Structure formats: C-alpha cells, structure tokens
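K.L.:
Protein chains in written order, with UniProt numbering: chain P, 1 to 259; chain S, 1 to 263.
Certain hints may be false.
Said to hold, decoys possible - Label pairs and their in silico Cβ distance ranges:
(1) S:166 / P:40: 29 to 35 angstroms
(2) S:166 / P:21: 32 to 38 angstroms
(3) S:40 / P:30: 58 to 64 angstroms
(4) P:94 / S:123: 54 to 60 angstroms
(5) P:147 / S:10: 42 to 48 angstroms
(6) S:44 / P:56: 51 to 57 angstroms
Worth flagging that the hints you see were computed from the coordinates, not collected in a lab. Remember, it's a predicted structure, so these values are computed and weren't measured experimentally. Backbone N, C-alpha and C fix where the C-beta goes; we use that ideal spot for every residue, glycine too.
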Amino acid sequence: MSEILKTLRSNDLALGLIGAVAAVGVWEICARTGVVDPTLFPSPSLAISAAAQRLTAETLADNLMWSLFRVFSGFILGALAGAAIGIAAGWYRGFGTIVRPLIELLRPIPPLAWIPLAIIWFGLGEPSKLFIIFLGAFFPVVTAAYQGMRSIDPVLLRAAQTLGLDGLPLLLWVAVPATAPDLATGVRIGWGLSFGVLVAAELIAADRGLGYMIINERNTGGSVGVIIVGILLIGALNLLTDAAIGAAIKRWVGRWHGA
Amino acid sequence: MMRRFPQIAPPLIALAILLVAWELGVRYGFLKPYQFPPVSRIASGFVELSTIGFPTGVSIWSHTLTTLVRVLLGYVGALALAIPLGVVIGSFQVLDKLTAPLVVFCRSVATLSLLPLVIVWFGAGELTKVFLIGYGCFWVMLSNVIAGVRYVDPVLVRAARTFGLHGGELFRRVVLPAALPRIFAGARMALGVGFMVIVGAEMIGTIEGLGALIMEARTFYRSEITIIGMLIIGVIGFAISAGLTALERLLLPWAGNLDAVRR
Numbered sequence: 001m002s003e004i005l006k007t008l009r010s011n012d013l014a015l016g017l018i019g020a021v022a023a024v025g026v027w028e029i030c031a032r033t034g035v036v037d038p039t040l041f042p043s044p045s046l047a048i049s050a051a052a053q054r055l056t057a058e059t060l061a062d063n064l065m066w067s068l069f070r071v072f073s074g075f076i077l078g079a080l081a082g083a084a085i086g087i088a089a090g091w092y093r094g095f096g097t098i099v100r101p102l103i104e105l106l107r108p109i110p111p112l113a114w115i116p117l118a119i120i121w122f123g124l125g126e127p128s129k130l131f132i133i134f135l136g137a138f139f140p141v142v143t144a145a146y147q148g149m150r151s152i153d154p155v156l157l158r159a160a161q162t163l164g165l166d167g168l169p170l171l172l173w174v175a176v177p178a179t180a181p182d183l184a185t186g187v188r189i190g191w192g193l194s195f196g197v198l199v200a201a202e203l204i205a206a207d208r209g210l211g212y213m214i215i216n217e218r219n220t221g222g223s224v225g226v227i228i229v230g231i232l233l234i235g236a237l238n239l240l241t242d243a244a245i246g247a248a249i250k251r252w253v254g255r256w257h258g259a
Numbered sequence: 001m002m003r004r005f006p007q008i009a010p011p012l013i014a015l016a017i018l019l020v021a022w023e024l025g026v027r028y029g030f031l032k033p034y035q036f037p038p039v040s041r042i043a044s045g046f047v048e049l050s051t052i053g054f055p056t057g058v059s060i061w062s063h064t065l066t067t068l069v070r071v072l073l074g075y076v077g078a079l080a081l082a083i084p085l086g087v088v089i090g091s092f093q094v095l096d097k098l099t100a101p102l103v104v105f106c107r108s109v110a111t112l113s114l115l116p117l118v119i120v121w122f123g124a125g126e127l128t129k130v131f132l133i134g135y136g137c138f139w140v141m142l143s144n145v146i147a148g149v150r151y152v153d154p155v156l157v158r159a160a161r162t163f164g165l166h167g168g169e170l171f172r173r174v175v176l177p178a179a180l181p182r183i184f185a186g187a188r189m190a191l192g193v194g195f196m197v198i199v200g201a202e203m204i205g206t207i208e209g210l211g212a213l214i215m216e217a218r219t220f221y222r223s224e225i226t227i228i229g230m231l232i233i234g235v236i237g238f239a240i241s242a243g244l245t246a247l248e249r250l251l252l253p254w255a256g257n258l259d260a261v262r263r
C-alpha cells in the first residue's frame with residue numbers, strides 16, 4: 001500500500017487525474033442521489049445524454065466553428081494592430097508621446113463596456129463582435145509591445161549600430177526580436193481576454209456561436225444539460241487554445257531567448 | 001511643474017485637436033451625432049445624468065453605487081473562501097497536486113458563460129450577479145494563494161527551521177509573510193476580473209448599474225450617456241488598480257520587486 005502511495009506521490013499527472021475523476025464522481029453521485037436537484041444541476045452523464053438528444057452534431061459544430069472563427073479573426077487583428085502601434089510608439093519618440101496617453105486614457109475601460117457603442121457604430125452584425133474581440137487583444141498587446149520596446153538593452157542597439165545597422169533594419173532585426181518575450185506575455189493575456197469577451201458578446205448580441213447556444217437554451221426553456229455541456233465545452237476550448245498558443249509562442253520566442 | 005509641462009503638452013494638444021475636429025465634424029454633418037456625440041452633448045448629458053438621471057429618477061451616482069456594491073459583495077465573498085482554502089491546499093503538496101487540474105479548468109471556464117446556468121438557479125436578480133463576480137474572483141484568487149504559499153523560497157524555510165521555528169510558528173512568521181506579495185497580486189487581479197465580469201453581467205436582465213446604464217442608453221440612441229458610463233467605468237477601474245498598488249506598497253514594504261516573487 002505504502003509503495004503505491006509513494007509512486008503516486010511522485011507522479012503529478014496520476015494524482016491530478018485522481019482528483020479530477022473524484023470531483024466528477026462526487027458531482028455524479030450528488031445528482032443521482034438527489035442531494036442536488038438534477039433538473040437544476042444534472043450530473044455529467046445526464047447532461048451529456050440530454051445534450052446528445054437536443055443537439056445534432058451539425059448544429060454543435062456550426063456554433064463551435066463560428067465562435068472559433070470570431071475569436072481568431074478578432075484576436076489576430078487586435079494583436080497585429082497592438083504590436084504595430086506599440087512597437088511604433090516605442091521606437092518613434094514623437095509618435096509615442098502623442099499616441100500613448102490616448103491609449104492609456106482608453107485602456108482602463110474594459111472591452112465589454114464597448115459593446116453598446118460597438119452596436120451603435122457597427123450594428124448588430126459580425127463587425128461589432130469583431131471590434132469587441134479586437135479590443136480584448138489590442139490593449140494588452142499594445143501595452144506589452146511598448147513596454148518591451150522601452151526596456152531593450154541599449155547595448156544591443158549600440159552594438160548593432162556599430163556593425164552598421166540603422167533605421168528600419170535595426171528595428172526589424174534587433175529591436176523587435178528583443179521585445180519578443182514581452183510581446184509573448186501580452187499576446188497570452190490578450191488571448192485570454194479575447195476569449196472571455198467572445199462569450200460575453202455572444203451572450204448579449206448574437207444569433208449563433210457557443211455563447212448564443214447556451215443563452216438561447218435558457219431563453220427557450222430548454223435543458224440545463226445543454227447549458228452545462230456548452231459551459232464545459234467553452235472552458236475546454238479556452239484551455240486547449242491557450243495551451244496551443246503558449247506552445248507556439250515558446251517555439252517562436254525560443255529562437256532568440258532560450259526557453 | 002514647469003519642467004513636466006513640455007512632456008504633457010503634445011498629447012494634450014493632440015487630444016484637443018481631436019475633440020475640436022469631432023465637434024466640428026458633427027456640426028457640419030460629416031459625423032452622425034447619435035454615433036459620435038460631440039463633447040458639448042456629452043457635457044450636457046452628464047448634467048442630465050447627475051440631476052434627473054437615466055432612466056428618470058436613477059442618477060449616475062446611484063448606478064455607480066449599485067455596481068460597486070455588487071462587485072464588493074462578490075469580491076469579499078470570494079476572498080473569504082479562497083484565502084483559507086488556498087492556504088490549506090498550498091501547505092500540503094498532495095492536496096495541490098490532486099486539485100491542480102480542477103483549479104486550472106475552473107479558472108479557464110469563461111465566467112460569463114455561467115450566466116445562463118446561474119439564471120436558472122437563482123433567477124435574474126442580485127444573487128446571480130454577485131455569484132458570477134464571486135466565481136470569477138474566486139479562482140483567480142485561489143490559484144494565486146496556492147502558488148504564493150507553495151513557492152515560498154525553500155532557503156527561507158530551511159533557514160527558519162535551522163533557527164528552531166516549526167509548525168504554526170514557522171507558518172505565521174515566515175511562510176505567510178513570504179507568500180503575502182503573491183496573495184496581494186492575486187487580490188489585485190481578482191478585483192480587475194470582478195470589475196470586468198460585472199459590466200457584462202449587468203447588460204442582461206437589469207436596469208440598474210453602470211453596465212445596464214450604457215446598454216439602456218444604447219436602446220434609446222442616447223450614445224452620449226453610453227460614453228459617460230464608459231468613462232466612469234474606466235475612471236473607477238483606474239482608481240481601483242492605482243489604489244491597490246499604493247496600498248500594497250504601504251502594507252507590504254518587504255515585497256519590493258514583485259517579479260522576483262513571480263518565479
């Protein structure tokens with residue numbers, strides 16, 4: 001017995017798996033024995049079977065693809081714009097002194113607070129959602145890019161200048177790679193924010209996507225099981241994409257900065 | 001004062017030019033006033049909001065108070081649960097390993113995606129909003145408390161043991177003070193999360209609170225009120241994070257460089 005315990009203790013993954021299985025088990029038992037009302041909080045097995053009954057694989061895939069498409073396109077636009085403006089603000093003094101205070105002024109406003117204005121500007125269609133997700137990625141990336149540019153080791157720049165680099169090549173080949181770790185942090189935070197914002201935007205004003213799927217289920221008095229499956233799916237999607245982006249960043253940044 | 005002036009001047013001038021161009025653009029019909037309400041309209045909207053209120057009778061201050069009370073209730077509740085639980089989990093390695101995947105997953109669940117479920121549970125009232133804020137704050141706080149307690153520099157602990165400290169005394173005099181900066185950082189992050197969640201949560205099923213205000217104003221094409229609401233949300237968010245940073249410096253002078261704490 002103690003041997004088993006010892007090997008378990010040394011194996012993080014097994015322990016984590018046990019914890020997760022135990023939590024799901026307790027949840028299942030509570031709902032089955034009626035400790036928790038299964039119509040309000042069904043067990044995982046009941047939720048999945050209810051969802052399987054009410055949703056076809058096709059609608060689920062359709063909603064999933066819409067959510068993913070929205071969040072990726074908004075995020076990529078926001079991250080690119082944020083990186084470009086942040087880097088330019090850090091590199092060109094004049095541009096920075098004018099642009100940065102304006103950004104600092106708008107930064108404390110959470111992206112979700114832009115939803116009404118986005119609807120006024122762009123209507124209820126895709127562009128307003130794209131804009132909100134864009135903002136979710138933009139602010140963390142622009143701040144990180146600027147901070148990264150300001151904290152470049154001046155020795156790097158001077159060395160490159162001594163070797164004859166100047167102007168745009170100096171920016172692209174030395175300064176930008178030097179800010180990569182800061183940029184990576186900003187991108188990671190921006191992704192998390194984009195994702196959270198996506199769900200909110202889909203809850204408040206959308207006619208497809210995972211967020212819409214779950215709020216519609218509750219508005220039409222459908223099954224709680226579908227809502228729970230939707231929530232778990234959104235969580236898993238967030239976790240997986242975050243891990244994927246983290247891994248991609250590590251490879252990219254690792255080219256210049258040892259991981 | 002004089003020496004700082006030239007630094008602030010260019011952005012101020014740029015901002016002034018922007019606002020004047022905006023005002024003129026509306027006046028000469030290049031911009032639609034309901035899409036881009038000019039400064040003059042925002043100013044008069046602010047007067048209306050603080051006297052008559054929007055919807056009539058609910059002034060901007062009462063919206064702000066409603067939102068702040070909701071955030072505070074959820075936040076304090078989350079902290080009261082997360083700090084003791086996190087200290088316990090962080091103190092025992094086995095517990096941390098058992099719960100790690102669960103904590104990571106629950107933290108990844110988008111807080112606002114819980115909204116439909118929580119409405120089924122508690123209806124669309126106050127409890128739903130407080131619960132959502134609590135959920136968002138709780139997991140951020142919990143993971144920071146666990147990390148703070150677990151990753152105390154082992155040299156500190158070993159040194160304290162060498163001097164004869166152990167058990168509760170070791171925890172109270174060494175582990176806790178070393179973990180506090182990380183815990184405080186978690187508290188700061190959690191408040192930011194709570195503040196973000198409330199704006200979204202208030203957009204559905206209520207007419208009170210800043211999130212509801214900006215959404216309601218949109219329905220009536222009162223975009224200047226939406227913008228005022230956004231600015232107030234921004235000011236509060238800024239004040240909260242600045243205040244907590246100042247408080248941290250005051251309360252935890254030994255924290256020093258937080259980057260060192262973040263491993």
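K.L.:
Work down the list of hints and note, for each, if the structure agrees.
P.N.:
Hint check:
Between residue 166 of chain S and residue 40 of chain P the beta carbon distance is about 47 angstroms. The supplied range of 29 to 35 angstroms is therefore violated. Distance hint check: the CB atoms of residue 166 of chain S and residue 21 of chain P are about 35 angstroms apart, consistent with the given range 32 to 38 angstroms. For the pair residue 40 of chain S and residue 30 of chain P, the beta carbons lie near 59 angstroms from each other, so the given range of 58 to 64 angstroms is met. Taking the beta carbon of each, residue 94 of chain P and residue 123 of chain S are about 55 angstroms apart, inside 54 to 60 angstroms as hinted.
At about 20 angstroms, the CB distance of residue 147 of chain P to residue 10 of chain S disagrees with the hint of 42 to 48 angstroms. The hint said 51 to 57 angstroms for the Cβ distance between residue 44 of chain S and residue 56 of chain P, and at roughly 53 angstroms that hint holds.
Of the hints listed earlier, those the structure fails to meet are numbers 1, 5, in rising order.
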